Amino acid sequence: MRLGLASGLIIAGLLVAPAALATPGQCWNSPFGGFCDELPDADGSFLHCEYTGFGSSSYRNCYQACLDAGGRLYPTDYDFDTPC
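When you number the sequence shown by my numbering, it's gap-free, plus one each residue, and the end is 90.
No lab work stands behind these hints: they were computed from the structure.
From a predicted model like this one, the values you see are computed outputs, not experimental measurements.
The reader is advised that the hints may include incorrect statements.
[What the hints assert, rightly or not] Restraint ranges, calculated between C-beta atoms of paired labels, are given here:
{"hint": "1", "residue 1": "C33", "residue 2": "R78", "range": "15 to 25 Å"}
{"hint": "2", "residue 1": "C90", "residue 2": "F60", "range": "29 to 39 Å"}
{"hint": "3", "residue 1": "C90", "residue 2": "S62", "range": "33 to 43 Å"}
{"hint": "4", "residue 1": "L53", "residue 2": "A75", "range": "13 to 23 Å"}
{"hint": "5", "residue 1": "A75", "residue 2": "P37", "range": "28 to 38 Å"}
{"hint": "6", "residue 1": "N67", "residue 2": "P37", "range": "13 to 23 Å"}
{"hint": "7", "residue 1": "S63", "residue 2": "C90", "range": "26 to 36 Å"}
{"hint": "8", "residue 1": "Y80", "residue 2": "L45", "range": "14 to 24 Å"}
{"hint": "9", "residue 1": "P37", "residue 2": "C90", "range": "14 to 24 Å"}
Here a beta-carbon is modelled for each residue, glycine too, at the ideal position from N, C-alpha and C.
Can you build the whole structure from these sequences, using the hints too?
Quick look at the structure:
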């Protein structure tokens, strides 16, 4: 009973944990996914990669991104002439 309760609390904590803000040069990984941000380019943009899955069925999605004034990530792949 205690093991089930502890496992449930851990899983619930992982599901409701707040998303980390993207910051150039940082990575966050877990056994089931994560993200990695490359160092910024001269214009302030950086490559943001998100990982999901487990083992051999994992996937990666990468795109060029910038941070807005509130520190939130927005993609710039739609228009490469978009300055940060």
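Numbered hints the structure breaks, given as an ascending list: 9
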